[in-house]
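Chains as they are written, first to last, in our numbering: chain A, 1 to 220; chain B, 1001 to 1111.
Part of the chain A face toward chain B, derived, beta carbon under 10 Å: (1) Ser50; (2) Ile51; (3) Phe53; (4) Tyr57; (5) Thr152; (6) Thr156.
Think of the hints as simulated: they come from the structure by calculation, not from any bench. No experiment lies behind these values; they were computed from the predicted model shown. The beta carbon of each residue, even a glycine, is placed where N, CA and C say it ideally should be.
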Amino acid sequence: MSTFLASLVVLISVVSASEALASPEGRMSFALQVSLAPVWFDPADTTSTSIPFIVLYAVHDALVKAMPGQPMAPSLAESWTVSRDGLVYEFVLRKGVQFHNGEPVTADDVKFSFDRYRGTAAPAFRARVAAVEVDGQRIRFRLKQPWPDFMTYYGTPATGAGWIVPKKYLEKVGDEGFKRAPIGAGNQDGPSADRASRLFQGGPGKALEERDPDRQRRAR
Amino acid sequence: MKNVTLIGSGALGNAATRLEAWVAPGGTYVYGSYPDIDELWRELPAAADQKSRGALLERIQRLVHDKAIFAPIWEFPSICAHGPRVAESGLGLIANYPFSAPYEELRLKGK
Chain A
1 MSTFLASLVV
11 LISVVSASEA
21 LASPEGRMSF
31 ALQVSLAPVW
41 FDPADTTSTS
51 IPFIVLYAVH
61 DALVKAMPGQ
71 PMAPSLAESW
81 TVSRDGLVYE
91 FVLRKGVQFH
101 NGEPVTADDV
111 KFSFDRYRGT
121 AAPAFRARVA
131 AVEVDGQRIR
141 FRLKQPWPDF
151 MTYYGTPATG
161 AGWIVPKKYL
171 EKVGDEGFKR
181 APIGAGNQDG
191 PSADRASRLF
201 QGGPGKALEE
211 RDPDRQRRAR
Chain B
1001 MKNVTLIGSG
1011 ALGNAATRLE
1021 AWVAPGGTYV
1031 YGSYPDIDEL
1041 WRELPAAADQ
1051 KSRGALLERI
1061 QRLVHDKAIF
1071 APIWEFPSIC
1081 AHGPRVAESG
1091 LGLIANYPFS
1101 APYEELRLKG
1111 K
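Bound-form chain A, shown alone (with noise of 0.2 Å):
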């Protein structure tokens, strides 16, 4: 897996305290390189850290994920619904919307996705989500009981429980055959890691002009 730098050169005027009112002299330079990391291509994967969402946003897309202005902005879905008891949230998945492979994007994905996630909130959803159902186009998510911070869970960076891969080509490939060639719903088109690693290495640039213009997020 090659590395991309993350190109940060900051230049930082070394004034110590005595010299405040002198102007700045000499400059120092730092990078920081990240490892792109191939499970960060895996929504099941999330750790409890942002970072991995560097590549989620990229490649794959979310029900509903965190967008200028929106918190919970609805993404794969349209809408979503709560039942007055709060033990019901229902989904509807957007139509139209296809994976890298031309494969729809089914509400089968979104419980498949749902189910493998092995995150850090993994437990968490375990304890509290008694079942997940899909029905056409909606998927029925019902608690064991109200847990009003379900949609921060499921709807936001907090976890990568909301992002979906398709089903039908992760159980053809496997996890490890998924890391090394991912296929989501993201903007980028990630046919291979090794095309997502060439995204990340030239740098925002070169990512704006491979991306594909069919692929501009339809929800704002």
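Assemble the complex: chain A is given as a structure, and chain B must be docked to it using the hints.
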């Protein structure tokens, strides 16, 4: 020094999601427990309205502070920068998210 762990997390979420990982019984990074904190945590699911939930979460956080369970020694400043070709970096577009996103918002300056 014994029984001291150096840990760090950039997890997003809210007070409840972070307390669950770091303070609540059985949390991922929880070593040991305090009966008063555990009791307040158990009361949380029953507190449906925002006001009572907020009060419970505040009491838990105050206990965490008073017991000095954590000793903050470093707050990651999340310094970000971008090059001169970038018109819209995406930094700061999503509240509380430290990185550039969403990528479809990024813009380069005209060539």
